[in-house]
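> Model the full structure from these sequences, guided by the hints.
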Amino acid sequence: MSANSTTLAAPESGEHQQGSINRRIVAIVFFNFIAYLTVGLPLAVIPGFVHGDLGYGTVVAGLAVSIQYLATLLSRAYAGNLCDLQGPKKSVTLGLTLVAASGLLAVVSSLFVPIGWLSLAWLFAGRLMLGAGESLVTTGTIAWGIGDVGARHTGKVISWNGMTTYGALALGAPVGVLLDARWGFASLGIVTTVMALAAFMLARRKAAVPTVKGARMPFRTVFRHMTPFGLCLALGSVGFGAITAFVTLYYASHGWDHAALALTSLGVSFVVARLLLADSIGRFGGYRVALCSFAVEAAGLALIWLAPTPTQALIGAAVTGFGFALVFPSLGMEAVKLVPQSNRGSALGAYALFLDLALGLTGPVAGVIASHAGYGSVFLFSAVAALGGLGLSQVLAARSRRTAVPAPAPTH
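1 is the number of the first residue of the sequence shown in my numbering; add one for each residue after it.
There may be inaccurate statements among the hints.
Pairs of lysine-lysine, BS3-like flavour, derived with a Cα cap of 30 Å [stated by the list, open to error]:
1) Lys156 / Lys206
2) Lys337 / Lys206
3) Lys90 / Lys206
4) Lys156 / Lys90
Derived by calculation from the structure, the hints in this document are not laboratory data.
What follows is the structure in structure tokens.
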């Protein structure tokens, strides 16, 4: 996920007085875990709710999942500015408030199922609110964590934040299916609201961190530097978006059960890859890791496309998650070399916009593909996109070797 564009001041001395670095980071990224747990709860339920209960087609079902990422995209700049002006704690607490409100809108949506268009409208409103809340929380937790443990631990904060993100998604999907099967769609909204409000109360009790604004180049200049890397990231993100939006319907089209396990497999393998390969980018370089990551991701998506059994599809989801895990940090490390140290936060923010954009567009585009060529074709399309990311990364690597810009590698 993205970092905000603030340079955060925190005393480097005495940082062990409050416990270990990891424990302090976890105490903050816990709020990101809660936010993404609420994101994960409806992931495997919404396509069936929109397609089955409300009677809309696959394009609308995909849009119902992906519209959340549009809100995340549009709120990135606001989240960064809020952290700059009022501090990351404010961003986190406001984000959790929006998440809680999105749960209430999901409950309202469930009450209007007989009036399909009205139920869908409330659902979309809740998804947009959840996306904005997600953006505020994840930007705020990264900034808050860096402010608490110091800028030299930036990489560790981002890594832990990413693990809580995908770990929560992996846990949330099957829990959401169980809640929906036992108590209905409204139960997802109720649980979302309760968890977000509880996290809000905990966040309010934590100490804020001081912030200082650093001199930065214009965002449009940073964005221009990030665009080639962001396009690679977008191509690599298509597979993740396709699995989250369509694996449930893909399983149903084959008569397979337990589609939520594919989402869990995706998230768990992502976290495992981050843990096992944490030092690989520093050892082998961002481009080499990115090329391997794209190849592994494409192989996983091809396994899903060709899967004759749910077991192979499950393995394909795991392979996809393992490959996708290092796409963001590997290319991000190379991307931020192109801007000064004071702009690295905003560079990561601009870079992450492409992730949001890809996830927002994948749902409806893949829905059109599915409606014409079947659900399996969605994963073929995603595999081709990953190969496109591999090719573009190779071009960027070759360009980097030619220019040979002498810049120090970032700490993450």
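> For the pair supplied as a hint, Lys90 and Lys206, is the alpha-carbon distance within the 30 Å limit?
holds (11 Å)
> Lys156 and Lys206 were given as a pair; does the straight-line alpha-carbon distance stay at or below 30 Å?
holds (20 Å)
> Verify the proposed pairing of Lys156 with Lys90, using a straight-line Cα cut of 30 Å.
Judged against 30 Å, a Cα distance of about 22 Å means the pair holds.
> Quick one, are Lys337 and Lys206 close enough, alpha carbons at most 30 Å?
violated (34 Å)
Violation of the numbered hints given earlier is confined to hint 2; every other hint is satisfied by the structure.
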